[in-house]
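> Here's the letter readout for the chains.
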Amino acid sequence: MDRWKRITAAQRTLPDEAVPVVLAAQGSHGPVVHAVNLAGVGRGIMVGARVVDVQAIHPDLHVEQADPEGDQALLARLAHWARRWCPWTVAERDGILMDVRGSAHLFGGEAQMVRDMHNRFAMQGLRTRLALAPTRGAAQMLARFGAQGVICGLEDLGAKLAPLSVAALRLPGDTVRLLDRLGLKTIGALEGVPRVGLMRRFSGVAETVNPLVLLDRALGRSADPLDAPPDAQVMLARVRMAEPVIDPLPWVEELAEGLAAQLARAELGARRLRLTIYRVDGEWRWRDVATASASRDPAHFVRLVTRKLDGIDPGFGFDLMTLEAMRTEPLALHQDRLDGGRAAGADVAALLDRLAAKLGPTKVTWAAWIESHKPERVEARMPALVGAVQGAPEMLGARPLRLFDPPEEVVVLYAVPEGPPARFSWRRVVFLMARFEGPERIAPEWWRDRSGTRLRDYYKVEVTDGRRFWLFRDGIVGDARGGDPRWFVHGVFG
Amino acid sequence: MNDSSLGQVVRLDNARGVADVPAPDVAQAVLKDALSARPFDAAVTAFVLSCLPRSKAPVLWVQDRASRLENGRVYGPALKGVTLLRVEVSHARDVLWAMEEGAACADLSAVVGEVHGAPPVLDFTATKRLAMRSEASGVPVWLIRSGTVEGLSAARERWRIGSLPSEMHPYNAAAPGAPVWEAELFRARGRSPGIWAVRHEGREDRLRFLSRFGDGPLEADHSRAAHAAG
Chain V
1 MDRWKRITAA QRTLPDEAVP VVLAAQGSHG PVVHAVNLAG VGRGIMVGAR
51 VVDVQAIHPD LHVEQADPEG DQALLARLAH WARRWCPWTV AERDGILMDV
101 RGSAHLFGGE AQMVRDMHNR FAMQGLRTRL ALAPTRGAAQ MLARFGAQGV
151 ICGLEDLGAK LAPLSVAALR LPGDTVRLLD RLGLKTIGAL EGVPRVGLMR
201 RFSGVAETVN PLVLLDRALG RSADPLDAPP DAQVMLARVR MAEPVIDPLP
251 WVEELAEGLA AQLARAELGA RRLRLTIYRV DGEWRWRDVA TASASRDPAH
301 FVRLVTRKLD GIDPGFGFDL MTLEAMRTEP LALHQDRLDG GRAAGADVAA
351 LLDRLAAKLG PTKVTWAAWI ESHKPERVEA RMPALVGAVQ GAPEMLGARP
401 LRLFDPPEEV VVLYAVPEGP PARFSWRRVV FLMARFEGPE RIAPEWWRDR
451 SGTRLRDYYK VEVTDGRRFW LFRDGIVGDA RGGDPRWFVH GVFG
Chain P
1 MNDSSLGQVV RLDNARGVAD VPAPDVAQAV LKDALSARPF DAAVTAFVLS
51 CLPRSKAPVL WVQDRASRLE NGRVYGPALK GVTLLRVEVS HARDVLWAME
101 EGAACADLSA VVGEVHGAPP VLDFTATKRL AMRSEASGVP VWLIRSGTVE
151 GLSAARERWR IGSLPSEMHP YNAAAPGAPV WEAELFRARG RSPGIWAVRH
201 EGREDRLRFL SRFGDGPLEA DHSRAAHAAG
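Residue numbers (the numbering used here), protein chains in the order written: chain V, 1 to 494; chain P, 1 to 230.
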């Protein structure tokens, strides 16, 4: 909800605070409420209710589309950001877990730390519900169902948890309903039941939804460690100057070597690089370059980056310059060849990078083959950075070395009943036919072409001075698809 | 006597009454210009393609917009065993830049650039840079030029290629047969110019140079040793 507020506030006016706003997600029977704002909570709108029902009760309801993937991405980023308090943090489905064991004293005690967390999230416009407890399960339960900012020690763990509803254990709906029906509405009641009975009742249930197992974990009777993802590695080389300089060129090589060494240690290759200069006036400027395949060749980095340096504005000079690998891919250490030479193709990939970086990715292409009757459709062009080389198909008839696309019409000066025109003019030059071969008939593709498309009869025509053209007649006389057939030059033979 | 690679001699079966003709070393890794004798004649393209080294490595083929409109695109299905890495740009300046980048890349089998007309950027300096890059990396570089060609060029060899009436078709007298080209080497370093009729022999996949005039060799020996002795 807070994320939606911040994103929306940047683009348009938010609805009034008193208006209930819900974020709707797609449910199995139409949209359901995914999140509610404070006004909505005050009116008793529940998460999980159907949007149409809520709209019927509250006609002034404001409905927006929820974005669960975006929420997850934000949570994952926040979890990494939260490592400012402790080294072990995990993003969950709707929260962040932190193992703050041993790090609270750095912030002046547990109460101080919880206050600090609340304030710092509030600075980002995010409301939080915090709880600190000796076990992971207890913290989760207290954060969602307990008082705001509650701090629970080991000795009052049972007392704090006892009044909470069994739903706090994050059980599935039918289990909660079953426990409800058994009269076990609170954690305290559940704990009061003999273990053997519960164990027998829930013996077939998976560990993650078994109330007994979850309860044991929450109360610290069984271990429940946190599995924190590793920190993202930042591949960054920096160079500091003793005094501000204007020209970045002499430092690029040092940067590239530093970055390449870091990448080699981590067995990674860079796909996207960013060169940043930090100017003395507090501004910074950067340039991005991409590579066709993962690379950690410092000479290649230098060539890529120096080409981009022209457009970078150094202002009154800069005193710090960094080269960062923005996107990396695994690239194992390997020896290219036993004699120390470079592997074939490595230079071509580097060349592709340079060409595509300067001319644009769509200008550099490999051929891609399409099964088609039409000669101009057989060969397509595929950006070289994404595609791979494909072998050419076998052609039945003779094909010209150069193709005009689209075909160019010729003016027939002297037609003969059979075969190509004896005299024709093309591009204001008159040609006299000497010899010809053909026709090769190419039919339209009925599954693709429009109904008016005519068949083509291709001729290989040699004119008197030896030039050979690939002429075709568009249609035949009397095919009832337009008037007299016209003639076109489609290519030239070598 | 023939210690130079330029003086190699091709023995011909004397089918047309032609004597021995020195065959130019067309696969040498230097910058070469190929000019078209007539407009929209694909003989230049065919000659250049058959001069490229036979290898699996790709050929960088750079074309500017004017030559694309004037001469069309190279049609992939007609090429056998040549992998093209196409670069299509609008200005001759970018053609030269891409060719220079390609000429420095030893993993390419060749670099071919096409420029129509005589743009100001294609001057002696630009061709000289290309020639030096090509000789340093060992990648043959061809510059195909069409339209009016003026100005100086630092190309080590300059060819002018045109079509000749093709050979007899083996089965059909009314049909064109195997192509024959007229190749004129009008400027060359380290060898003397000449005019040949060139055929591509498909079975052996090589070029055969015949004397254009059926009256014997243009010159007896082209090797440097012979020049020094003379």
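Be aware that a few hints might be false.
[What the hints assert, rightly or not] Not everything, but these chain V residues come out facing chain P in the computed CB check (under 8 Å):
id, residue
1, Val-63
2, Asp-67
3, Trp-85
4, Asp-216
5, Val-348
6, Arg-381
Honestly, the hints are just simulated from the structure, not real lab data.
Note that CB positions come from ideal geometry on N, CA and C, so glycine has one too.
> Give a verdict on every hint.
Cross-check of the supplied hints:
1. Val-63: violated (50 Å)
2. Asp-67: violated (41 Å)
3. Trp-85: violated (51 Å)
4. Asp-216: Asp-216 of chain V check fails; min Cβ-Cβ to chain P is 64 Å, beyond 8 Å.
5. Val-348: OK, holds: Val-348 of chain V within 8 Å of chain P, min 5 Å.
6. Arg-381: OK, holds: Arg-381 of chain V within 8 Å of chain P, min 7 Å.
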